[in-house]
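Enquirer: Please arrange chain B on chain A, whose structure you already have, making use of the hints.
Just so you know, the protein sequences line up as chains A and B, in that order. Under the numbering used here, think of the first position of the first sequence as 133, with each following residue one higher. Under the numbering used here, think of the first position of the second sequence as 18, with each following residue one higher.
Just so you know, the hints here were simulated from the structure itself, not pulled from any lab data. Any given hint could be a false lead.
Claimed, not checked - DSS-like mimics (lysine-lysine), calculated; alpha carbons at most 30 angstroms apart, straight line:
(1) A:151 to A:164
(2) A:138 to B:44
(3) B:44 to A:151
(4) A:155 to A:138
(5) A:164 to A:279
(6) A:143 to B:44
(7) A:155 to A:143
(8) B:132 to A:147
(9) A:147 to A:160
(10) A:160 to B:44
(11) B:132 to A:143
(12) B:132 to A:151
(13) A:259 to B:132
(14) A:164 to A:143
(15) A:155 to B:44
Stated by the list, open to error - Here are some chain A residues the structure puts well away from chain B; computed CB gaps all over 12 angstroms:
(16) 139
(17) 142
(18) 144
(19) 145
(20) 149
(21) 175
(22) 243
Built from N, CA and C at the ideal position, the CB exists for glycine as well.
The residues making up each chain are set out below.
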Amino acid sequence: MQKQQKTIEQKNYEKLQGKHELKRPIAKNCLKAFLVGGLFCTVGQAISYFYIYFFNFTEQTVGNPTSATMVFIALLLTGFGIYDRIGQFAGAGSAVPVTGFGNAIISAAIEHRTEGFVLGVGSNMFKLAGSVIVFGVFSAFVVALIKTLFGMLGG
Amino acid sequence: MLPMFFWAFVIGGLICVIGQLLFDVAKLTPGHTLSVLVVTGAILSGFGLYDYLIDFAGAGASIPITSFGNSLVHGAMQEAEQHGVIGVLTGMFEITSSGISAAIIFGFIGALVFKPKG
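Isolated chain A, as found in the complex:
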């Protein structure tokens, strides 16, 4: 199908729309994202020290239990409706840490509960977070495959 040419009215409307569109306060948003995102990571750091000192994890392996704990925190914050408010304030500051990944899954699960557990919760859980897993896994597959093949040629 060919793309339709825009009519003059549509172009004028776009101009008008551009004039009235709210300018996003980029600097302010970035500052908020920086502060809240940094805070999440500082909490994560505290949790990872807890695992290092009490459960004998090392600096390299500690990311695994830490992110699970952060997801648990996301469950509580999401369930009580606090995470939405943080998200409105912080934008990417709450979406980029692993708690945002947890929030995407947990909120989808809670939201679709009314449609039943199998068709609602089960099939909608990864509605938002699925793309992260798909693209993460595929890109990791490509990267790891290239590295392995080159390693075999080199070694």
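Expert: Relative to the frame of chain A, chain B by itself:
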């Protein structure tokens, strides 16, 4: 210990700022932004750069979603060293398993316990 908290705050915050810029300047949706960050993490891991960031900033590098891509590559490479190419498939979720299982388990518990709001 204290400088580690400082760098975790700064680096973690900066990664979130990159995400915010992708929201506001590039006008990407959250889904696109997170996918871009995960792919970036996997590529940085391919060049071995992400480990330096984790050594330097701890949770500041391992909590943002970029580390998900990094851990996927690491899991795949770990298995690949033992079993060759097939390890890329079998090891993929080796390291990230806890994050994903935690998300599924807690998500289901959330659906059992909490009622949707608004």
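Enquirer: Does each hint fit the structure? Answer for all of them.
Expert: So, going through the hints one by one against the coordinates:
For the hint linking residue 151 of chain A to residue 164 of chain A, the alpha-carbon distance of about 26 angstroms falls within 30 angstroms, and the restraint holds. Using a Cα cut-off of 30 angstroms, the hinted pair residue 138 of chain A and residue 44 of chain B holds, with the two alpha carbons roughly 22 angstroms apart. For the hint linking residue 44 of chain B to residue 151 of chain A, the alpha-carbon distance of about 17 angstroms falls within 30 angstroms, and the restraint holds. A C-alpha spacing of about 25 angstroms is found between residue 155 of chain A and residue 138 of chain A, which places the hinted pair at or below 30 angstroms, so the restraint holds.
At most 30 angstroms may separate the alpha-carbon atoms for a hinted pair to count; residue 164 of chain A and residue 279 of chain A exceed this at roughly 38 angstroms. At most 30 angstroms may separate the alpha-carbon atoms for a hinted pair to count; residue 143 of chain A and residue 44 of chain B meet this at roughly 20 angstroms. For a cut-off of 30 angstroms, the pair hint linking residue 155 of chain A to residue 143 of chain A stands: about 20 angstroms separates their Cα positions. Taking the CA atoms of residue 132 of chain B and residue 147 of chain A, the gap is about 44 angstroms. The hint is violated against a cut of 30 angstroms.
For the hint pairing residue 147 of chain A with residue 160 of chain A, the CA-to-CA distance comes to about 26 angstroms; that is within 30 angstroms, so the pair holds. As the CA atoms of residue 160 of chain A and residue 44 of chain B are separated by approximately 16 angstroms, the hinted pair is consistent with the 30 angstroms bound. A C-alpha spacing of about 45 angstroms is found between residue 132 of chain B and residue 143 of chain A, which places the hinted pair above 30 angstroms, so the restraint is violated. Our distance criterion of 30 angstroms between C-alpha atoms is broken by residue 132 of chain B and residue 151 of chain A, whose separation comes to about 41 angstroms.
For the given pair, residue 259 of chain A sits about 19 angstroms from residue 132 of chain B by alpha-carbon distance, which is consistent with the 30 angstroms threshold. Straight-line distance between C-alpha atoms of residue 164 of chain A and residue 143 of chain A comes to about 35 angstroms, which puts the hinted pair past the 30 angstroms bound. In summary, the hint linking residue 155 of chain A to residue 44 of chain B is supported, as the alpha carbons are separated by about 12 angstroms, within the 30 angstroms threshold. Against the 12 angstroms criterion, residue 139 of chain A stays outside the reach of chain B, whose nearest CB is about 24 angstroms from its own CB.
Distance to chain B confirms residue 142 of chain A as a non-interface residue, since its nearest Cβ pair spans about 20 angstroms, more than 12 angstroms. The claim that residue 144 of chain A is not at the interface with chain B holds, since no C-beta of that chain comes within 12 angstroms of its own (minimum 22 angstroms). With a minimum CB-CB distance of about 19 angstroms to chain B, residue 145 of chain A clears the 12 angstroms threshold, and the non-interface call stands. At the 12 angstroms boundary, the C-beta of residue 149 of chain A stays outside the reach of chain B, the nearest C-beta of that chain being 14 angstroms off.
At roughly 8 angstroms, the least C-beta separation between residue 175 of chain A and chain B is not larger than 12 angstroms, which violates its mark as non-interface. For residue 243 of chain A, the shortest C-beta to C-beta distance to chain B comes to about 5 angstroms, within the 12 angstroms cut-off, and the non-interface label is violated.
Against the hints set out earlier in the document, violations occur for numbers 5, 8, 11, 12, 14, 21 and 22.
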